[in-house]
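When you get a sec, could you build the whole thing from the sequences and use the hints?
If you're matching them up, the sequences are chains R and L in order.
Letter by letter, the first sequence follows residues 1 to 115 in our numbering.
Letter by letter, the second sequence follows residues 1 to 113 in our numbering.
These are calculated hints, taken from the structure and not from any lab test.
Be aware that a few hints might be false.
Now the stretches of chain L that chain R is said to cover, found in silico as 3 or more residues with beta-carbon under 8 Å [stated by the list, open to error]:
| # | segment |
| --- | --- |
| 1 | 31–43 |
| 2 | 100–112 |
Stretches of chain R that chain L covers, calculated by requiring three or more beta carbons in the stretch to come under 8 Å of a beta carbon on chain L [to be verified]:
| # | segment |
| --- | --- |
| 3 | 44–55 |
| 4 | 102–115 |
Treat the numbers as computed from the prediction; the structure is a model and nothing was measured.
For every residue, glycine included, the Cβ atom is placed at its ideal position computed from N, Cα and C.
What follows is each chain in one-letter form.
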Amino acid sequence: DTGVSQNPRHKITKRGQNVTFRCDPISEHNRLYWYRQTLGQGPEFLTYFQNEAQLEKSRLLSDRFSAERPKGSFSTLEIQRTEQGDSAMYLCASSPGQGAVDEQFFGPGTRLTVL
Amino acid sequence: AQSVTQLGSHVSVSEGALVLLRCNYSSSVPPYLFWYVQYPNQGLQLLLKYTSAATLVKGINGFEAEFKKSETSFHLTKPSAHMSDAAEYFCAVSGNNFNKFYFGSGTKLNVKP
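Written as structure tokens, this is what we have:
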């Protein structure tokens with residue numbers, strides 16, 4: 001399977017703990033995106049990488065959130081000192097970064113539950 | 001800035017009936033528009049996309065959408081619903097730099113036998 005993969009699929013943590021999620025994009029896709037989706041809502045943009053460079057961050061991405069994409073391959077999203085409001089589905093997407101229309105391919109998501 | 005409004009958080013149709021899911025967009029630049037489908041516990045799958053070429057766009061699984069600039073709409077239709085179409089559908093808009101997509105809040109489609 002050459003789609004976008006995310007690990008873990010589910011994470012339950014206690015408030016105040018740190019969590020880290022991983023995203024492996026489609027091979028050779030230059031762009032990688034993180035979104036957050038809460039119940040009853042559509043995905044909301046968090047941040048975007050062009051290769052290893054983080055080019056844009058949403059105001060939703062507080063100081064407790066950090067994302068990296070070392071070497072322009074996989075990406076990690078870390079949440080420090082988790083809060084109950086962080087409970088959501090975290091989606092990763094990648095796109096080729098070429099051509100006229102750059103559709104995004106989504107992974108299955110990581111569902112975070114903060115107790 | 002871009003935004004999307006999806007009218008109707010839940011739509012219910014009978015199997016074989018017409019499916020119409022509404023999407024209106026706002027964009028300060030010529031938009032690129034997308035419809036995605038999400039099945040339970042799965043990621044989003046692209047149904048179709050508008051790329052400023054033909055205004056009537058055909059996608060997978062028999063779905064199509066028509067871009068109407070005058071109405072700022074991009075409604076999704078399917079002539080005959082199947083039980084397997086039951087899912088949540090999201091409309092999204094992007095500007096010309098594709099840095100991010102703006103999604104609507106989604107429409108859950110229920111198909112009754």
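Each hint, compared with the structure:
Interface restraint, the segment 31–43 of chain L with chain R: holds (6 residues with C-beta to C-beta distance below 8 Å; minimum three). Counting residues of the segment 100–112 of chain L whose beta-carbon sits less than 8 Å from any beta-carbon of chain R gives 7, enough to reach three: the coverage restraint holds. Given a C-beta distance limit of less than 8 Å, the hint that chain L covers the segment 44–55 of chain R holds, as 4 residues qualify and 3 suffice. Chain L is given as covering the segment 102–115 of chain R, and this holds because 8 residues of the stretch bring a CB closer than 8 Å to a CB of that chain, at least three being needed.
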